[in-house]
Amino acid sequence: MKLTLKIWRQKNGNDAGGFVTYQANDVNKDMSFLEMLDVVNEGLIAEGKDPVAFDSDCREGICGTCSLVINGVPHGGQKATTACQLHMRHFQDGQTITIEPWRARPFPVVRDLVVDRDAFDKIIQSGGFVSASTGGTPDANAIPISKDASDAAMDAAQCIGCGACVAACKNASAMLFVSAKVSHLGLLPQGKVEKDRRVLAMVKTMDEAGFGNCTVTGACEAVCPKEISLDFISRLNRDYATAVFKSAWGAK
Amino acid sequence: MNIFKAIFCSSLGKKYIMGLTGLALFGFVIGHMVGNLQIFMGQEKINAYAAMLKSVPKLLWVARIGLLFCVGLHIWAASQLVRENRAARPSRYEVNDPTVTTFASRTMIWSGLIVFAFIVYHLFDFTIAPDYLGHDAKDRHDVFKMVILGFSNPFSSLFYIIANGLLCIHLSHGVKSLFQSLGFSTGQFRGWFDRFAVVIAWVIFIGNTSIPAAVLLGFGKEVL
Amino acid sequence: MNLDSKIPSGPLASKWERHKFDLKLVAPANKRKFEVLVVGSGLAGASAAATLAELGYKVKCFCYQDSPRRAHSIAAQGGINAAKNYQNDGDSVHRLFYDTIKGGDFRAREANVHRLAEVSRQIIDQCVAQGVPFAREYSGYLANRSFGGAQVSRTFYARGQTGQQLLLGAYQALSRQIGLGNVQMFPRTEMQDLVLVDGHAKGVVVRNLVNGEISSHSGDAVILATGGYCPVFYLSTNAVGCNVTATYRAHKRGAAFANPCYTQIHPTCIPVSGDHQSKLTLMSESLRNDGRVWVPKKQGDNRKSWEIPENERDYFLERKYPSFGNLAPRDIASRAAKEACDDGRGVGPGGLGVFLDFADSIKRLGEPAVRERYGNLFDMYERITGENAYKQPMRIFPAPHYTMGGLWVDYNLMSNIPGLFVLGEANFSDHGANRLGASALMQGLADGYFVIPYTIGHYFASHKQERPSTSHDAFKSVENEVNQKIQKLLSVKGGRTIRSMHWELGRLVWEKCGMARDKAGLEEAIKRIPQLREEFWQNISVPGGANEMNVALEQASRVADFMEFAELLCRDAHHREESCGGHFRTEYQTEDGEALRNDQDFSYVAAWEHQGVDKAPNLHRESLQYEEVKMTQRSYK
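First to last, the sequence lines map onto chains A, B and C.
For the first sequence, position 40 matches number 32 in this note's numbering, and the numbering has no gaps at all.
For the second sequence, position 129 matches number 145 in this note's numbering, and the numbering has no gaps at all.
For the third sequence, position 12 matches number 24 in this note's numbering, and the numbering has no gaps at all.
Treat the hints loosely; a few may be bogus.
As the list claims (entries may be wrong) - Calculated pairs, DSSO-like style, for lysine-lysine (alpha carbon to alpha carbon, straight line, at most 30 Å):
{"no.": "1", "chain 1": "A", "residue 1": "K238", "chain 2": "B", "residue 2": "K21"}
{"no.": "2", "chain 1": "A", "residue 1": "K41", "chain 2": "C", "residue 2": "K505"}
{"no.": "3", "chain 1": "C", "residue 1": "K316", "chain 2": "A", "residue 2": "K21"}
{"no.": "4", "chain 1": "C", "residue 1": "K70", "chain 2": "A", "residue 2": "K114"}
{"no.": "5", "chain 1": "A", "residue 1": "K(-6)", "chain 2": "C", "residue 2": "K316"}
{"no.": "6", "chain 1": "A", "residue 1": "K(-2)", "chain 2": "C", "residue 2": "K505"}
{"no.": "7", "chain 1": "C", "residue 1": "K114", "chain 2": "C", "residue 2": "K27"}
{"no.": "8", "chain 1": "C", "residue 1": "K539", "chain 2": "C", "residue 2": "K497"}
{"no.": "9", "chain 1": "B", "residue 1": "K21", "chain 2": "A", "residue 2": "K114"}
{"no.": "10", "chain 1": "B", "residue 1": "K154", "chain 2": "B", "residue 2": "K61"}
{"no.": "11", "chain 1": "C", "residue 1": "K403", "chain 2": "A", "residue 2": "K71"}
{"no.": "12", "chain 1": "C", "residue 1": "K32", "chain 2": "C", "residue 2": "K476"}
{"no.": "13", "chain 1": "A", "residue 1": "K3", "chain 2": "C", "residue 2": "K500"}
{"no.": "14", "chain 1": "C", "residue 1": "K70", "chain 2": "A", "residue 2": "K196"}
{"no.": "15", "chain 1": "C", "residue 1": "K403", "chain 2": "A", "residue 2": "K21"}
{"no.": "16", "chain 1": "B", "residue 1": "K21", "chain 2": "A", "residue 2": "K162"}
{"no.": "17", "chain 1": "B", "residue 1": "K21", "chain 2": "A", "residue 2": "K184"}
{"no.": "18", "chain 1": "C", "residue 1": "K497", "chain 2": "A", "residue 2": "K3"}
{"no.": "19", "chain 1": "C", "residue 1": "K500", "chain 2": "A", "residue 2": "K41"}
{"no.": "20", "chain 1": "A", "residue 1": "K114", "chain 2": "C", "residue 2": "K45"}
{"no.": "21", "chain 1": "A", "residue 1": "K114", "chain 2": "C", "residue 2": "K43"}
{"no.": "22", "chain 1": "C", "residue 1": "K309", "chain 2": "C", "residue 2": "K375"}
{"no.": "23", "chain 1": "B", "residue 1": "K21", "chain 2": "A", "residue 2": "K187"}
{"no.": "24", "chain 1": "A", "residue 1": "K196", "chain 2": "B", "residue 2": "K21"}
{"no.": "25", "chain 1": "A", "residue 1": "K3", "chain 2": "C", "residue 2": "K505"}
{"no.": "26", "chain 1": "C", "residue 1": "K32", "chain 2": "C", "residue 2": "K114"}
{"no.": "27", "chain 1": "C", "residue 1": "K497", "chain 2": "A", "residue 2": "K41"}
{"no.": "28", "chain 1": "A", "residue 1": "K(-2)", "chain 2": "A", "residue 2": "K71"}
{"no.": "29", "chain 1": "C", "residue 1": "K310", "chain 2": "A", "residue 2": "K21"}
{"no.": "30", "chain 1": "A", "residue 1": "K187", "chain 2": "C", "residue 2": "K70"}
Stated by the list, open to error - Computed far set for chain C versus chain A, every beta-carbon distance over 10 Å:
{"no.": "31", "residue": "A41"}
{"no.": "32", "residue": "K43"}
{"no.": "33", "residue": "P480"}
{"no.": "34", "residue": "Q499"}
{"no.": "35", "residue": "E535"}
{"no.": "36", "residue": "H587"}
No wet-lab data here; the hints were simulated from the structure.
No experiment lies behind these values; they were computed from the predicted model shown.
Glycine is no exception: its CB is placed at the ideal position from the N, C-alpha and C atoms.
This is chain A alone, in the form it adopts within the complex:
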């Protein structure tokens, strides 16, 4: 099939950037979206032009590297599917597809469709861990964990850190990402010990990075390739309030 692609091109972080239109004439319906871009790039390289830079690595929907807004929807709008797992059979011959990078102040464009998601790493560095150094830990079965708690923690832990939630949110809020990590660790006894400290630190870092606020539109949940639930945002709100009051009350 034939497609018209309107792709965001930007030389580097300082460049203003703009859309360039390309024709993709030999698109096979069994290609993944990224393979379609690979083929476009082959054509560009053959003409001696710079290929379109886009991020991708595992191409099986788990590493969270790919980050394309396709026709206004991060990852292209197929349920529970990352851009790398999106296949061209979902598009029609002759269609125009607009491809843009994640847009958010904390995710500056590096080049073309590549953005810098360092802000997510910074958030994790500020508290998204259990402070357990290697060695000296008790036997893995020393603390039983209810299956429900463990399953709920796993639901949250599935987050791949792709940033689609931020990209989809009209406020570029990182609440879904932060809440997933806060909930994952907070739901487990191993993570409960430093739960308050964690949530206070992570929210502070999130705010400092310049993400927007949650207005509960639900866009993040809808585009999340791992279907992380809005419930976790509510839980984050609860955990933060608890932590603020407990810290004001003094250590107990």
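Following the hints, put chains B and C in place on chain A, whose structure we already have.
For chains B and C alone, coordinates are given in the frame of chain A:
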């Protein structure tokens, strides 16, 4: 950690302020509606109710100041949040697909601003500088007649109905959000709160607009 | 070249304990004086960087991805083995050790494997303490499953995302150290070369992938945890960025490369749909528990699967291996599928696929039961192929998945270059000729959490050397070489894209040195690869410049190394005139088509010493001594 800083300077804290003040204002809207619906129980009942409210001026003023304070905080927090939200997305998408988001959730700031303007008008209309200040047989302010007079004007009534529509759009999202922001929307509760918000918004819309609608249809004509 | 494996003396079961005591220590206050460079941030790299920083060393960690959380360890699905014996089903350290040695077809070092089995238990403790949400029973205790044909249930798992959860655990530990300022992280930074000073590994030269800047970092030791080399086949289940560059450049600087011909092919991957294909996706092997593998009996049969009557179908695994049937081991199932396709009976695009049919299971168990067991896999299959596997059979084909070979290391995980340590899939040490399912995660974490923290201190304590400054001549000269190579890549300006060259190389290696190899084919490949390499340097096209983000340049630099490495792979496969594990030479098989080992002549590690491009490498042999186990021939008839 300073608790005031944690609340007033953090994104989540500002949402708590939105949620808590929103909850107070939502409570007022319900009480306001229930009180006003007494108009259908006749002139005596509504005028007595109005007189009762004014009988303890101290309490009345505490409530008024409290509400004003909530409105002020609600607007302050909203303006802060909107400013931050705009800053967080400096460049817009070429193509915008709102996916699953509701109209109400995307337009909170606009519905909120219009409703605020309406409230100011409404206060002037019925509280601060009402057109009619007559008294009933028991020498109480004749609220009944004031309302009937006010809503006899179809333009005024239409304006009230539209403004209430916006208020209820605002509430349909606001009520659901406040439970989310205050951390109650998990598990089965999410569904309940989401449905409750829509139902209560409709109830308030129907309740509030029933008064101008009834007046337009001839209710209370006898006092004019 | 001196290949001293430094295996401690004494009985096997107490070697590691004893060795830990014999290793010299670095005093706590002195640790901060040592700087360690860790390349790679997967399970092995992240766990090593975090643990060394916890101990007090100064650490710099480099990865080519935009975040250390994205390393390809994340894609491992099945689980992680550990000899916990929580199920009371007869597991033990010794049994895990024995299974791993046997699974590796008796081509791994006993002492290393035993240590791996020992520390496997601590890994689970550590991961649980970090908050890894392993599957649990209603009792609240950890759940286990049997994996990859093991006779005990020793595999711990977190849904189908065990690799992801373990990597996030290590990433979080690493993040904590970054936050504390103990680790300096360099994402989007790719190692270009290794720097030796007085014969010791003392630094790396890296390229910043955002602005193209070439810079040097000096350290007291260098750890490579850069994964395997599957993309030498072009198509594999690895991430598209995975590459051999770090280990191969170290090899060119003198590190021996061991057993490159041991590569693992996974039988249940989604087949290629066309030439545009950029990678292959693996589906859990558990599918073979209920699916039946078949191809049409007739060659070139183009009918739809449902049009082919039962008596015209060849259930070849059930026919060839009546007792194991569809559950025959990975390599056997893979080869059988290849044979059917070579015979012209493959299905799907290009005839490269075999059916995996669930019709019988659906009839027997009902669709809901099948959905319950494999729903997520069927969904994934449909997402990629657009076919509904409840209504028609899946198509599967084997794909390269893991590489057992890697840089040669001694018992301390140090290569033959002093100060250069190699962890995880990048080294050769623990899996012999074939890796068992759920053992890759175990090895990566064992190396990073529990081995390197002990052994690196010994190196520091026994080699008191100054850390050179990056203004040292050695750094300048390597930087120059790196810059020259980049300029050379950019200046060819020929007519072929990197991808097309990589594709051609991969296809050649896959055909001649893939699932089944033979002397003639390997010789052909060894002749053809230098020609391809020649064409590469004459005719590639790399647009853009050196001082910017340049995706084409990154790929070119990686493919340039595959162009050389592929030859080494084929040479190793050519020299090993036996079949063992993932290395199957068609000349050496039993009457049943089983791998025929030659323990008399090939019971050794083949470590290759680089002699220069276009020159045959030197072979060094580390002979394998078995004190505990008796070599046996496996049979799955």
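Going through the hints against the structure:
no., hint, verdict
1, K238(A) x K21(B), "holds (14 Å)"
2, K41(A) x K505(C), "holds (11 Å)"
3, K316(C) x K21(A), "holds (20 Å)"
4, K70(C) x K114(A), "holds (19 Å)"
5, K(-6)(A) x K316(C), "holds (28 Å)"
6, K(-2)(A) x K505(C), "holds (28 Å)"
7, K114(C) x K27(C), "holds (20 Å)"
8, K539(C) x K497(C), "holds (24 Å)"
9, K21(B) x K114(A), "holds (22 Å)"
10, K154(B) x K61(B), "holds (12 Å)"
11, K403(C) x K71(A), "holds (22 Å)"
12, K32(C) x K476(C), "holds (20 Å)"
13, K3(A) x K500(C), "holds (23 Å)"
14, K70(C) x K196(A), "holds (27 Å)"
15, K403(C) x K21(A), "holds (21 Å)"
16, K21(B) x K162(A), "holds (26 Å)"
17, K21(B) x K184(A), "holds (24 Å)"
18, K497(C) x K3(A), "holds (24 Å)"
19, K500(C) x K41(A), "holds (18 Å)"
20, K114(A) x K45(C), "holds (26 Å)"
21, K114(A) x K43(C), "holds (26 Å)"
22, K309(C) x K375(C), "holds (23 Å)"
23, K21(B) x K187(A), "holds (20 Å)"
24, K196(A) x K21(B), "holds (11 Å)"
25, K3(A) x K505(C), "holds (21 Å)"
26, K32(C) x K114(C), "holds (26 Å)"
27, K497(C) x K41(A), "holds (21 Å)"
28, K(-2)(A) x K71(A), "holds (23 Å)"
29, K310(C) x K21(A), "holds (29 Å)"
30, K187(A) x K70(C), "holds (28 Å)"
31, A41, "holds (18 Å)"
32, K43, "holds (14 Å)"
33, P480, "holds (29 Å)"
34, Q499, "holds (17 Å)"
35, E535, "holds (32 Å)"
36, H587, "holds (34 Å)"
The structure fails none of the hints (numbered hints given earlier).
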